[in-house]
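Participant: Protein sequence lines correspond, in order, to chains A and B. Residues in the first sequence are numbered consecutively from 2, following the working numbering. Residues in the second sequence are numbered consecutively from 2, following the working numbering.
FYI, nobody ran anything at the bench for these hints, they're computed from the structure. Be aware that one or more of the hints could be misleading.
[As the list claims (entries may be wrong)] DSSO-like mimics (lysine-lysine), calculated; alpha carbons at most 30 Å apart, straight line:
(1) B:Lys20 x B:Lys173
(2) B:Lys106 x A:Lys209
(3) A:Lys108 x A:Lys240
(4) B:Lys107 x A:Lys207
(5) A:Lys207 x B:Lys106
(6) B:Lys118 x A:Lys207
(7) B:Lys190 x B:Lys180
(8) B:Lys107 x A:Lys209
(9) B:Lys20 x B:Lys118
[Unchecked claim] Ranges of calculated distance between the beta carbons of each label pair, as one might list FRET restraints:
(10) B:Gly39 x A:Pro176: 20 to 30 Å
(11) B:Asp171 x A:Ile32: 45 to 55 Å
(12) B:Arg135 x A:Phe227: 32 to 42 Å
(13) B:Phe13 x A:Pro206: 26 to 36 Å
(14) A:Leu47 x B:Asn90: 36 to 46 Å
Beta carbons are placed, not taken as given, at the ideal position from N, Cα and C, and that holds for glycine.
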Amino acid sequence: MAALIDIHPAKHRTRVRRATAESAWSRWLVISIAVGFMGLMFVLPLVVIFQEAFRKGWEGYVEAFDDRATMHAIWLTLQVAAITVPLNTIFGLAAAWCVSRFRFRGKRLLTSLIELPLWVSPVNAGLIYVLLFGAQGFFGPSLKEHGIKIIFALPGIVLSTIFVTFTFVARVLTPQMEAQGQAEEEAAMTLGANGFQMFWRVTIPKIKWGLLYGIILCNARSMGEFGAVSVVSGHIRNKTNTVPLHIEVLYNEYQFVPAFAVASVLTLLALATLILKTLTTTKRGAA
Amino acid sequence: MSIHIHNITKTFGNFNALKNVNLEVKTGELVALLGPSGSGKTTLLRIIAGLEFADEGEGSIEFHGTDVTNRTAYERKAGFVFQNYALFNHMTVAENIAFGLRVMKKPQRPEREDIDKSVTELLRRIALEGYGGRYPSQLSGGQKQRVALARALAVGPQVLLLDEPFGALDAKVRKTLRKWLRQFHDETKVTTLFVTHDQDEAFELADRVVILNEGDVQQVGSPQSLRSDPANEFVADFLDCVMI
Chain A
2 MAALIDIHPA KHRTRVRRAT AESAWSRWLV ISIAVGFMGL MFVLPLVVIF QEAFRKGWEG
62 YVEAFDDRAT MHAIWLTLQV AAITVPLNTI FGLAAAWCVS RFRFRGKRLL TSLIELPLWV
122 SPVNAGLIYV LLFGAQGFFG PSLKEHGIKI IFALPGIVLS TIFVTFTFVA RVLTPQMEAQ
182 GQAEEEAAMT LGANGFQMFW RVTIPKIKWG LLYGIILCNA RSMGEFGAVS VVSGHIRNKT
242 NTVPLHIEVL YNEYQFVPAF AVASVLTLLA LATLILKTLT TTKRGAA
Chain B
2 MSIHIHNITK TFGNFNALKN VNLEVKTGEL VALLGPSGSG KTTLLRIIAG LEFADEGEGS
62 IEFHGTDVTN RTAYERKAGF VFQNYALFNH MTVAENIAFG LRVMKKPQRP EREDIDKSVT
122 ELLRRIALEG YGGRYPSQLS GGQKQRVALA RALAVGPQVL LLDEPFGALD AKVRKTLRKW
182 LRQFHDETKV TTLFVTHDQD EAFELADRVV ILNEGDVQQV GSPQSLRSDP ANEFVADFLD
242 CVMI
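Work the whole structure out from these sequences, hints included.
Facilitator: Here you go:
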């Protein structure tokens, strides 16, 4: 079709005015509002973070990381992400599978629950776990008896991070798997593939870009989560301070260069996520 | 291999998709399931393949005398060709065809060279030599259809089930493929059951035609006998012939 219409594109190029086209000045206005807002709200803070981080030059920047508490915070955050992301990948896959493949009672409830972390304030997520596992909490006494520490320790941080980041993999995969249907899986079964072979050879290749996208988002959020972790962690330096909490501590202690230097690491993570997200979205569109 | 279907009933919620269906397909036969849309023909085909299960009760399905009612699709291994082909888009044509052989358990699985040989042979039979390295998205509808058929045949199924095999193709390709399938069946003699809503297709291809309406088998017979002796109003009306 295109070839038929554009035989001599150069000769016939006239300005085509669509009925929905705006006049030049209103277009200019809308674009400048959008770009201006983005610049003010998103780009400027990014610039400021790096400007402050490098206020004392490259050496000052590097020096900021030569600190036990900072390195511990980074290490703790990596640990939290290393536990949270694989677990939520599995939970998310299972949830998306259930919702897209089966009809069952309570399916709508499950779909709503998957989105719960998006509407609940992260602080509440933390508080739930304090109420359950804290010293005065529901399970508090029996946990203490067995010498298990959840609140103000790694397990509590991981639990609240899981709560906050649960939604990402499931939310990305569910609509994709619903749209793709399951004819290919059925074909694999009639060809004698067992459930495991069907999953690895047919389902995973079909959803891999969406899955990667969900994992990237889940990872970014689990490393950056502040509210929920803040409630359960107790802010113990060298013990339960994750990177976002540590940044707050540094800032409150007027250590601006280290605070912004550590913040720049999270910013770089966000930028890397954005780039990966764009790449996987293009791939998802192409697949 | 023969197929025996006894008293199969299937309901989806309140909808009665199949009502007490009985049917027998003899070894090496080519049978068409013909009916208007919503008559339950695809549901019946899916139940035979094990992709759907009939309502619990007295109904049963036998493959060559063996009761397979409670077996899964994976255990029944009926060759199935889907309406929209359901090719694996991330695999090449050759990989698609080899899939069923590659997922076999160790003792039965052929050696890699033997798999390659069977793929080459199948590609020749479907007249797509040299297309092994292409992806499904690079094929036309008729080519996809033939790849789907080759993929189903690669594992040497005893039964071949085809859901609207020519439904998505244009008239010319449809005619060629129809002839080709009949010829293919005469050579291989695999028991074949196919679903269609097109009576020309059913009558030109099949040894026997099963006419379904609203989940009920209306009549079973050879194309000639159906035309000359329709069992009821519906069949007569559907086949556009006059009741005598």
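Participant: Keeping to a limit of 30 Å between CA atoms, is the pair of B:Lys118 and A:Lys207 held or broken?
Facilitator: Status holds; Cα separation ~28 Å.
Participant: Take a quick look at whether A:Lys108 and A:Lys240 sit within 30 Å of each other, Cα to Cα.
Facilitator: Given that 30 Å is the threshold and the Cα spacing comes to 40 Å, the pair is violated.
Participant: Do the beta carbons of A:Leu47 and B:Asn90 sit within 36 to 46 Å of each other?
Facilitator: 39 Å, holds
Participant: Is B:Lys107 close enough to A:Lys209, meaning Cα to Cα at most 30 Å?
Facilitator: 27 Å, holds
Participant: Assess, step by step, whether the Cα of B:Lys106 is no farther than 30 Å from the Cα of A:Lys209, and give holds or violated.
Facilitator: Holds, because 26 Å separates the two Cα atoms, which is no more than 30 Å.
Participant: Is B:Lys20 within 30 Å of B:Lys173, Cα to Cα?
Facilitator: 36 Å, violated
Participant: If you check the beta carbons of B:Asp171 and A:Ile32, does the distance land in 45 to 55 Å?
Facilitator: At 46 Å between Cβs, range holds.
Participant: Between A:Lys207 and B:Lys106, is the straight-line Cα distance small enough, at 30 Å or below?
Facilitator: 24 Å, holds
Participant: Is the hinted range of 20 to 30 Å satisfied by the C-beta distance from B:Gly39 to A:Pro176?
Facilitator: Holds, since B:Gly39 and A:Pro176 (Cβ atoms, about 28 Å apart) stay within the stated range.
Participant: Could you grab the alpha-carbon distance between B:Lys190 and B:Lys180 and see if it respects the 30 Å cut-off?
Facilitator: Holds, at about 15 Å.
Participant: Do the Cβ positions of B:Phe13 and A:Pro206 conform to the proposed distance bound of 26 to 36 Å?
Facilitator: 31 Å, holds
Participant: Compare the distance between the alpha carbons of B:Lys107 and A:Lys207 with 30 Å, and conclude whether the hinted pair is satisfied.
Facilitator: Distance of about 26 Å is within 30 Å: holds.
Hints 1, 3, 9 and 12, counting from the list given before, are not met by this structure.
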